[in-house]
Each structure stands twice: as C-alpha cells, then as structure tokens.
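Q: What follows is the residue order along each chain.
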Amino acid sequence: MNGNGWTPDRPIVSLKDVHKSFGSLQVLKGISLDVMKGEVVCIIGPSGSGKSTLIRCINALNDIQQGSITVEGQEVHDPKLDKLALRKKVGMVFQQYNLFPHKTALQNVMMAPLLVLKRNREEVERRARALLAKVRLQGKEDSYPGELSGGQQQRVAIARSLAMNPGVMLFDEVTAALDPETVKEVLVTIKELAGEGMTCILVTHEMGFARELADRIYFTDKGVIVEHGPPATFFDRAKDPRTREFLSQIL
Amino acid sequence: MLDAFAQFFRDLAADAPRWNFIFFYSEKQAGMVLSGLWMTIQLAAACLLFSVAIGIAGAAMQGAHSRLLRALVAGYIQFFRNTPPFVQLLFFYFALGRLTPTYSPDGWLEVPIVSNVGWAIISLSFFAGAFNVEIFRAGVEAVPKSTQEAAHSLGFTRLQTYRYIVLPLALRVSIPALNNNLVNLVKTTTQAFVIAVPELLYESITIWNDYPSAQNPMMLVLFVIYLALVGLVVMGMNRWERAMRIPGYGG
Amino acid sequence: MPKAIPGLTAAARTDLPVLHSHKALYAAASPIGFSRWLAGLPLWFPLMLAAAAAVWPLTAGAQSGSGESIAGAFETLLRWIPFLLFDGFTFTVLIGAATMLVGTLLGVFLGLGQISIHPAIAKLSYFLTQIFRNSPWLVLLFIVMLSFPFELNIGGLIIPVPDWIKAVIGLSLPIMANISEIVRGAVNSVPSAQWEAAESLAFTRQQTLWRIVLPQCIKRMIPPWMNWYAILTMATPIVSILGVEEVLNLTRQAIEAENNRPVLLIPFYSFVLLIFFLYCYPIARWTVRLERRFAVKL
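From first to last, the protein sequence lines stand for chains E, B and D.
If you read the first sequence in our numbering, its first letter stands for residue 1, the second for the next number, and so on.
If you read the second sequence in our numbering, its first letter stands for residue 252, the second for the next number, and so on.
If you read the third sequence in our numbering, its first letter stands for residue 503, the second for the next number, and so on.
Chain E extracted, bound-state conformation (with noise of 0.2 Å):
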C-alpha cells in the first residue's frame, strides 16, 4: 500500500536494539520490541525507567543515537523521512493534555485536519463532532480547555489524536496527571478504543487497566526490556527477580 512492501501481517511497530542518551545520560540500551497491528501493548516500569523517552522515540519527538525504529515499515530516524507523513500514521495523547488552551474543545480536534491534512471544513468538523460525542463530550465542543476538567480535556485530547486518523495510538501516562474520580472516563474512552481494533502502546501506571486491557505487557528498568508476556503470566509468574520486586511494591 505505501510502496515500502509493509503487509499487515508484519509489525505495525518495530523497534531494534534502539539506544538513546541525553549526553552522557543513558536511557535506552538496546529495547526491541513488536507491535502487531489490533495489538495492545503497555509498558510499565519505575520511574526513570525510559518508558516514556522509548514512546516518545516512536513520533520522532526524541531521536535515536544506534538501531532502528520502524512505522508501517518504514524507518522512523531516517534523515529523509518526511516526518508529517509518520505523524499522520501515529496518534499521541500527553500526561499534561497539552491542549490549546486558546481554541475551543471542537477547534483543537479541527485544526490539525483542516492545516495538516487540508480537508474540506464541513467534513472536518462533521468528523469533530462525531469524534467528541465518541469520547462522551456532547455539548462542551465550544467549551475552552480550562473551562474543563483534567478528564475531559484528556478526552478532548484523545479525540484531537483520533482525527488524523492514526493506524497507531501513543499513551504516555495519559492518567497520571487526573484526580482519581476522572481516571476511569478516560481509560474507558481508551478501552472503547481498543476494543475497535485500534493499534494502542501505553505507558502506564494502572496495573489493573494493564491486566484487563492488554495483550503483552512490557516491563522495563533502567533502559532495558527486563521481561514480557500475556498478562496473566506476568502478573502472576513474573521470572526475573526486579520484576517480581516492582510488582511486589506496587500490587
């Protein structure tokens, strides 16, 4: 379909030995992972782990020093790539929201579709609205960002993300931020989501969101992957002592 001989019986996402530092800082040594397409992977780990660089690496908002991080099959880190063309296949939703505060719910799902992709407006904002009922926002569309709580305007978010159309969506500890009443709209909103086939990688604290949801699970310290496997081998026959130690302080 995109010329580069990617089928979707291969990786939707596939990272090899990738390694990446910040200076003299190492957060990544060597990760490999796949992501097949309607797969949900989470990773989690301690803090400082690299959880969210390694997600970060996979939309080019971070670069790679050594390995190979491939979209659709095509190389992430390349110098030629076209990095809006990667960004239209990967969605990402933000700790922090990161909404624009000065456009309403309805125009920051909008902007990108109409600037990016230059859609027609009517599409576009029929599209919108559709998008925000999805996400359960029906009659906020002209509501400001700070006019919302820390769950919708995650849920805004997410639907700002969704209308690129994205094969792929990236979480980077979308609850962490949220006040423990609101956390649940929004993993419901990411439930729903991975319940219509859509490619989903997380970083995320929510252990029992991971055991429900996920499909593989990725656990990693200290910039490498230490162990994965289906949920329920994790969770309850961890291998590797730091896993099991992790586990033990957090379950």
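Incorrect hints may have been included.
Calculated cross-link-like contacts (lysine-lysine; reagent style PhoX-like; alpha-carbon spacing at most 25 Å) [claimed, not checked]:
#1 E:Lys103 - E:Lys80
#2 B:Lys396 - E:Lys88
#3 E:Lys89 - B:Lys396
#4 E:Lys103 - E:Lys37
#5 E:Lys118 - E:Lys103
#6 B:Lys396 - E:Lys103
#7 E:Lys118 - E:Lys191
#8 E:Lys134 - E:Lys191
#9 E:Lys16 - E:Lys80
#10 B:Lys396 - E:Lys83
#11 E:Lys37 - E:Lys89
#12 E:Lys184 - E:Lys134
Have a look at the derived ranges for each label pair, beta carbon to beta carbon [unchecked claim]:
#13 E:Leu81 - B:Met486: 49 to 59 Å
#14 B:Asp357 - D:Ile583: 41 to 51 Å
#15 D:Arg795 - E:Leu81: 23 to 33 Å
#16 B:Ser317 - E:Asp78: 21 to 31 Å
#17 E:Pro8 - B:Ser317: 36 to 46 Å
#18 B:Leu320 - E:Ser248: 52 to 62 Å
#19 B:Ser317 - E:Asn165: 28 to 38 Å
#20 E:Pro8 - B:Ala322: 44 to 54 Å
#21 D:Phe611 - B:Met486: 22 to 32 Å
No lab work stands behind these hints, which were simulated from the structure alone.
All C-beta atoms, glycine included, are put in the ideal place defined by N, C-alpha and C.
Assemble the complex: chain E is given as a structure, and chains B and D must be docked to it using the hints.
A: Okay, now just chains B and D, sitting in the frame of chain E:
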C-alpha cells in the same frame, strides 16, 4: 451652532487677552492643529504597526538556529535600547540622511528619497521595536514546550506551530508589557519635533510663537489631546486584552 | 448525589501549567527593568560604539569626497573632549541630580497622598499622578518653559530663573508622578496582616505608616528609584531643544565651531552616546545588585 461656538471664543479672546483660543475661531490655526494632530496620529499608527512587526520578526529570529542572525538581533536591541530616542532621531536624520541618495522632481531641487517624516517613522519604529522584541521573546518563552510538541505530533510544521499556536499564546501574555511600550511610543512621537516633523507639538509651538496670547489655551489643548491619545491606546489595548482572554485561565 | 464533578457540576479546576508563569515578562515590566537590562549588557558594547566611531569617518569621507582622514577627525574630537566632559556632561549630571531631588520630594508627598484615607486627597493625588505619568516629557518641558516667568519678584527682590532651572522643574514632573507610583506600590506590597497586627496593638494609622510600614518598604523603593534616575539621565538630552547648555547642545556647538564638517558627525555623537553609557552602566549594575540584596532580606 458652530458660528456661536467660534463667536464665544472670539469674545473671550477680546475680554481675556491671555486666553485667546485662536484655533477655535480662525480657520488657518484650526487647520494647523488638525493637521498636526493628524500627523501625530499617522506617525503613532505607523510606528505602532512597524514596531510590532519588528518585535514579532525579531522574536522569531531570536529563536533561529543561525548564530549570526541571533547576534544581529541582540546587537540591534542593545543599540536601540541603550541610546536616547532623541539622539537616535538626530543620528538618523542628520548623519544617515546625509548619505541617502537624492532625486530631483523638477530638475532644480534635490530632494532626499527619505523625508524627515520617513526618518521619524524609521527611527521611532526601530526604537520601540527593540523593546517589543524583548517583550515578545518573553511571551514566546511563556508558551510551554510541551504544547508545541503536541502540535508537532499532530503533524504541524514549524511555521504552522509558530503561526497558530505559539504566536497567539505569546501575544496574549505580552499584552500588558506591550501596552506600556506603546503608550511610551505615543509619548515619544513628540520628539520628532527635533527634526521638524510637523506633528502636533510642532504645530502648537508655531501657533504660540505667532500668537503669544494663544499660549495658555494651546498648552491646555495640547495636554488634553495627548492624554486622550494615550487614553485611547490604553482603552484599545485593554479591550483587546479582554477580547483575547482565554476562558478558564488567569484571574 | 452531592458529589461535585469539576467542569460539570462545579467550576473546572486546572492546575496544570498551560502557560508558564509570566515572570519572564518582568524583564519588560519590572520596576527596575531598565537597569536590569542595561546591567546585562556585555562590556564589548562600548567598544563596538568606539569601533563605529572609528570606521564612520572613513565612509563619510569617501562619500563627501573631502578625503579628510580619520586621524584628523579624532584629533578634533580630542581637542573638544575636556570641554564636552567638564562643561557639558557635568551640567547634565547636575540637572539630573537636581531633578531627582525635586521629583522625589514631590513624588513622596503625592504617593502618600494616593494612599491617604481621605478620598478627596487620594483621588486628587491619583489624578495628578496619572496626568504627569501619561504626558509626553517634551510637552511638559515646553509648558513649564513658557508658563514660568524668567524672573521672580519676591518683595522687590528680583531673582532670575535661568532656563536650566525651568528644565529641572519640567523634568521633575514626570519623575514626581513615577516616584508617586513607586511609593504607592511599595506601601501596598506590605502584607495587610502587618496593618492589622499594628491596629490590634492600638497603633494609630500615622504610627503604623511611619513606624511599621514605611521602614519595611523603604529598601524596596531604592532600586526602582535608581532605575528612574537612569531613565532620567538618558532623557536629559531633550532639554537641549530649549537651549539649555548640556552635553548634546555643546556637542552641536562644537561641530558648528569646526565648520560643520560631516566627517565629525559620527565621532562626536558616538562620544556622547559613549559617555551616557559609561555613566549609566555602573548605576544599573549597582541597582541590580541592591535589588538582589534587598530581595533576600524581605
């Protein structure tokens, strides 16, 4: 009605020789005040526009990758902020003006291509612009990097991010400081007097030199007009600030 | 179910940093913004000015075809430097000091007037402050120049009022208004709990103001006050319009005495800029240092 108004002041001038509001009944002096006022308004408006444009462009250039460009902007700011605008006007008009080419519309007179009004606009715009660069730079710094990252991850180009996200937010933050600077600019336009720009102060002084009896009234009117002009700028800026307010943020 | 849901049944709460604090902006709006900026200038700046002064006569000479050498222009400047410095700039400094003295005395009164509990005094002080803060300096100067007599007659004793005294009065009006704002701002910056505490100890308002509040904020007023001195010094060249013989006026006279040779324009004016810079720069450094020191104590 107008006749009665003129007659009143003509009588007043006859009764009280120190209160000769000549510009209220003599067409010639009325014309001088009006043309002076018009020149002041034009001068202020032109400098306002150019200085804001210089500020935006300079702030954008300060974020550029090129060291040379950044150094140029820094040098510009330092030169114009450090020297009194009054000396700048003299400098531009007498020193630089001497070096600019002239043309001869009628074959007799040599006219420089930049008039004294032109030099006043250039000099004052660069003066106020130097402050505006600093103001806008501070505004740009107030926009979180993560908001820009969100725009990048939605596929916005650098220019689109600046145009639609950074600039609108930075402008809002900058309004109070911009307000101060623009008020200062309106006040500084009077200094164009020194290179014989026929603005309000210049015309007023011509009138009171011709008619010493009109000194007091002229001063009074001068005062009122400048306070009104400054008031207009402040009111306009406050209205703009209110209109630009983002619901849900700030007190 | 009485539970409040932010954004739905209760006001939205957003404590995330959507815009960074506006602190950065105080570079432009702070009471000592000017000094802070001037103090931040690198030391190469005066050297750059000097270099410009050196290069200009070359180009100017080439333009006018007079072929006069740079050395000649500088020799001329050198001859005039003592005159410009000791007659011109000393007078500029004198005007600045006198203006500051008058402006501060009047400004403190006006500022205390602004915080007076008598509404009439407070309103009048506010009104005067706003008028003189928002009028162009040059307009104020002209008005004082024209409306003040050139001599005063006090009981038969005739005291002449020279132009420079009028200039001092004209310049001290905007300084007065800005000092007034400094006083008001500083007094308002003392927490209201201090007033309440003093009131609960049965201090009168006057006692509270003079014994409790003002001693606390006097240090806070010094840096912005010095900042205004630097701004004033930079503004003094405008009095040359009125014929006061300060440094800019004498420079113009010197150039005229040297037959208005265009090659002299830039070296002479650059010299003027340079002495202004060299005078204001240490003051700015000092202001910033004082502000930092007082900020720690408060």
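Q: Provide an ascending list of the numbers of those earlier hints which the structure does not satisfy.
A: As far as the earlier hints go, 1, 4, 7, 15 are violated by this structure, in ascending order.
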